[in-house]
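Engineer: Whole structure, please, built from the sequences with the hints as guidance.
Residue numbers (my numbering), protein chains in the order written: chain A, 1 to 352; chain B, 1 to 352; chain C, 1 to 352.
Derived from the structure by calculation, the hints contain no laboratory data.
Check the hints yourself; a few may be wrong.
A pair counts as met if it fits within one copy or between any two copies, since identical chains are not told apart.
Claimed, not checked - In silico DSBU-like pairs for lysine-lysine, Cα to Cα no more than 35 Å straight-line:
hint, residue 1, residue 2
1, K6, K55
2, K6, K333
3, K152, K6
4, K147, K6
5, K55, K333
6, K55, K152
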Amino acid sequence: MAVIRKQHGHFLDDFRPGQVFRHKRGKTITEGLFAVFTDFSMTTNPLSKNARYAKAYGFRGMVVPPGLVMAVVFSQSVEDVSENARANLEYIDMRFGVPVYLGDTLEAETTVLSVRASTRDPTLGVVHVQTTGHNQDGQVVLTFQRKVQVWKRDPQATVADGEVPPREIPVSLGLPAYEPSRPYRDLAHLSSPDTYFEDFRPGDVLEHSRGRVVTTDHILLTGMLDNTSQVHSNQWMIDQQPERYVGGQLIVFGGIPFNLCLGLSSADVADNALADLRYATGRHTAPVFAGDTVFASTEIRALRDLPGRPDLGVLDTVLHGHKFGPKGAAAGKVEIFYLERELVVKRRSHYA
Amino acid sequence: MAVIRKQHGHFLDDFRPGQVFRHKRGKTITEGLFAVFTDFSMTTNPLSKNARYAKAYGFRGMVVPPGLVMAVVFSQSVEDVSENARANLEYIDMRFGVPVYLGDTLEAETTVLSVRASTRDPTLGVVHVQTTGHNQDGQVVLTFQRKVQVWKRDPQATVADGEVPPREIPVSLGLPAYEPSRPYRDLAHLSSPDTYFEDFRPGDVLEHSRGRVVTTDHILLTGMLDNTSQVHSNQWMIDQQPERYVGGQLIVFGGIPFNLCLGLSSADVADNALADLRYATGRHTAPVFAGDTVFASTEIRALRDLPGRPDLGVLDTVLHGHKFGPKGAAAGKVEIFYLERELVVKRRSHYA
Amino acid sequence: MAVIRKQHGHFLDDFRPGQVFRHKRGKTITEGLFAVFTDFSMTTNPLSKNARYAKAYGFRGMVVPPGLVMAVVFSQSVEDVSENARANLEYIDMRFGVPVYLGDTLEAETTVLSVRASTRDPTLGVVHVQTTGHNQDGQVVLTFQRKVQVWKRDPQATVADGEVPPREIPVSLGLPAYEPSRPYRDLAHLSSPDTYFEDFRPGDVLEHSRGRVVTTDHILLTGMLDNTSQVHSNQWMIDQQPERYVGGQLIVFGGIPFNLCLGLSSADVADNALADLRYATGRHTAPVFAGDTVFASTEIRALRDLPGRPDLGVLDTVLHGHKFGPKGAAAGKVEIFYLERELVVKRRSHYA
Chain A
1 MAVIRKQHGH FLDDFRPGQV FRHKRGKTIT EGLFAVFTDF SMTTNPLSKN ARYAKAYGFR
61 GMVVPPGLVM AVVFSQSVED VSENARANLE YIDMRFGVPV YLGDTLEAET TVLSVRASTR
121 DPTLGVVHVQ TTGHNQDGQV VLTFQRKVQV WKRDPQATVA DGEVPPREIP VSLGLPAYEP
181 SRPYRDLAHL SSPDTYFEDF RPGDVLEHSR GRVVTTDHIL LTGMLDNTSQ VHSNQWMIDQ
241 QPERYVGGQL IVFGGIPFNL CLGLSSADVA DNALADLRYA TGRHTAPVFA GDTVFASTEI
301 RALRDLPGRP DLGVLDTVLH GHKFGPKGAA AGKVEIFYLE RELVVKRRSH YA
Chain B
1 MAVIRKQHGH FLDDFRPGQV FRHKRGKTIT EGLFAVFTDF SMTTNPLSKN ARYAKAYGFR
61 GMVVPPGLVM AVVFSQSVED VSENARANLE YIDMRFGVPV YLGDTLEAET TVLSVRASTR
121 DPTLGVVHVQ TTGHNQDGQV VLTFQRKVQV WKRDPQATVA DGEVPPREIP VSLGLPAYEP
181 SRPYRDLAHL SSPDTYFEDF RPGDVLEHSR GRVVTTDHIL LTGMLDNTSQ VHSNQWMIDQ
241 QPERYVGGQL IVFGGIPFNL CLGLSSADVA DNALADLRYA TGRHTAPVFA GDTVFASTEI
301 RALRDLPGRP DLGVLDTVLH GHKFGPKGAA AGKVEIFYLE RELVVKRRSH YA
Chain C
1 MAVIRKQHGH FLDDFRPGQV FRHKRGKTIT EGLFAVFTDF SMTTNPLSKN ARYAKAYGFR
61 GMVVPPGLVM AVVFSQSVED VSENARANLE YIDMRFGVPV YLGDTLEAET TVLSVRASTR
121 DPTLGVVHVQ TTGHNQDGQV VLTFQRKVQV WKRDPQATVA DGEVPPREIP VSLGLPAYEP
181 SRPYRDLAHL SSPDTYFEDF RPGDVLEHSR GRVVTTDHIL LTGMLDNTSQ VHSNQWMIDQ
241 QPERYVGGQL IVFGGIPFNL CLGLSSADVA DNALADLRYA TGRHTAPVFA GDTVFASTEI
301 RALRDLPGRP DLGVLDTVLH GHKFGPKGAA AGKVEIFYLE RELVVKRRSH YA
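Structural biologist: Put into structure tokens, the structure is as follows:
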């Protein structure tokens, strides 16, 4: 007989460059997850709201929004990669593949690209990984790298410092073709009229007017993603050693403000997007806690053609998330999220 | 380069009598929205709980309850009509059309019937509109008028005072026919035995015994309806100028107590209803905030035949919602909701 | 005209041994209920997460986890049996039948086995019942007995003390056959590698490392089960007479910690279970309130063969739930849940 403390997840000293994790579970996208999460995020793109519209565009049905695809694939990697993380440092080269639909099953795997012990703190280090998610047909839906600050299991342990190059992951957006016979113009009233490719000017900054307070509902939402990181749900653990945790309280999973910022921006930037193409880099620049109201703004950096698709263009943007300190406090506006975001946007010439 | 503050919704000075808004997005009724919202409302009618029962009655599947149809269609009109409203004043002549099922896509449009500047407050006025929702086959699922108190964008602006008559909107409940060969009696144990048409007496007041506290879950629920009104979700905005907002805190979207009152009453009044027919008038008589427990009662006003359907009758009722002030406070019972409600109810003679 | 206070549920003096209740409503398992509840519970078994996996095993689709089957069938019995209960005392001989799938409609009935007035408190007594749930094809999905402490309607009333024997309810798990041609090994990375039958030793105690705080989200979750017991949702009622209610506050429905304990244990005990077979006895040993963080551990009692299935074995366990008192308080660790649980677990020899 033995009392066995079952531990999940890996620590810094467990990772080795080149190591591959095929993550557990997988997740089938139900109408429950889709509805709760998509609506929570305040996404307004009709492709994710209106099946009649999505089908008329040639999609198989409503399209799972990019932020939810990200949150599901990312969360599958949490147990192996970041269940024992202190902080998620950076998203790198996140590229989207084929559309994800209701009923699809997503599974993911991660390769460890590098491991580095901290030179300042013997209890910590940084792991750099590459995670790829695919659907039940083996098509890539998302691939990205990220850097995570992870605790060591044993401060004395040797860390397998080193690195391997990222794997080549070919991805294709798999967008439906433009068909002049489709009733695009009859549906044009369903999306924002001022968010076609022709409407954007490099250098403009769009301040999105809506805000949304995060409540303790973040715990339920994070659970719906199967994200098992304890810093989002284990109040007792935090209360034992608040000084060990960012902010000394339950921290909101980054996927929550990530999705909220995408959603808050959508009526002004992405209502006529057919897809998000790539997030070159992204990071959570300050923590979010229950009670914070999240806002977003978008900086238009550049506009470019999408080869082979004269009906579409690519918008290079930076999506910023922010919150405010308490009224009257010196804190003022605090940036919480930074994302270099490339979107594939319809041209008015072809659609409206 | 420019910093552009993107604003959504219209202000009093933007509305003109006769103006038509075809609302954006539309919404497909997923099993996620259906389950979360129907169950939250505490509806007990098996038509919205039990697919076996609903199909045996000749419906295509479980029926989306009237309150949810209302909340979805109404919320589609919020961005254009009431995103910048101070208060929703009245629902008028709300009539239900064909049943709404899982997978249906609802879209809506609104005609402005009248615009009136306030004679007392130069920053406010009242807009009277008519909103109609239809499904993917173009069938009307709901039509109603409402009056909303809306802020002016510019207190100095001229308001297009005036009015146009409401449009004629033919609606049909589209109920399945009564078929003696169907196993109605074998299913009778699944609904309340004392809520057939024969059980009601004009003048009776039924006090529904259940209550349900509203928590901050109202924010998630309101988001699930795509209702973008900021007074329900933007805590920071409220905190900047609490004196400008009713109660100085986030106010619960009226669709929440509306649905809760319908649900709390259903076991006693609507368990054997096949449909809600019409709400002649309705209003939110006091605000609801997180922490309030909502209760309901129903006054039976009259009973009448439904032409062509000897198996059914129409119940004219008034549905009252209420809450209580803090224990020991003078406030006592506070009416929060008033709805003149007509239901189509089964006769025991035909069904049990 | 009359004012009628509609009351739901029965009181001790209403029950008679041998009485049968065919419960109202029934419930169709939507993707909404499934997703919200399954994910909330933190279940990790891929049979309830991944449709590709479940189908490859020969199931019709994702399997509704045992805790949710329990919570749905149990909740259907609440109005008739325990809407006016003070406490749920014990679950007895809970046996699971055929798998439950998305779209199934569950209905339930209850037989009163015994009624006993309290010898100490004239306002209370205990009812012992047997509840059985079946699907739309009449197959049993669950049967169990429970004992409930119920208030009397009238302290002076005579109680129909007495008992009848439980009914014989044949149940069959209806598990898919083992087929060597199925790709079990190709899917093995999707479940925990250390939870096959061969991995367990009698006497071991597994402390599950994850915890989850219960927030006011318990009210929404309980509503999703159609559980109408007022002590979980009627804040105003509690505030009027806190001394009458356990803890003087809204109490979390037992189905919530029940599911959470099953879920928290699953990665360590049930990730390779094909079904839960039987819960011999179970009880909530302390109340749970919003703010409590729930933890679980599992004691391995015995391992035995499953007749006719050399690919599977039966694990006899005790699942314990616990929470902690406030930091620094003398309370320390408090047991909240005890469940004698028998699981049907895959053998590594056949599956990995």
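Engineer: How would you label the pair K152, K6 (within, between, both, or neither) given a Cα cut-off of 35 Å?
Structural biologist: within (17 Å within a copy, 46 Å between copies)
Engineer: Between copies, within a copy, both or neither: which fits K55 and K333 at Cα up to 35 Å?
Structural biologist: For K55 and K333, neither the intra-copy (41 Å) nor the inter-copy (50 Å) Cα distance is at most 35 Å.
Engineer: Between copies, within a copy, both or neither: which fits K147 and K6 at Cα up to 35 Å?
Structural biologist: Close inside one copy (26 Å) and across copies (34 Å); limit 35 Å.
Engineer: Up to 35 Å between alpha-carbons, please classify K55 paired with K152: within, between, both or neither.
Structural biologist: Intra 49 Å, inter 39 Å, cutoff 35 Å: neither.
Engineer: Check K6 against K55 for me: Cα-Cα at most 35 Å, and say if that holds within a copy, between copies, both or neither.
Structural biologist: between (47 Å within a copy, 29 Å between copies)
Engineer: Should K6 paired with K333 be assigned to within, between, both, or neither, using CA atoms and 35 Å as the limit?
Structural biologist: between (42 Å within a copy, 18 Å between copies)
Checked against the numbered hints given earlier, this structure breaks hints 5 and 6; the rest are met.
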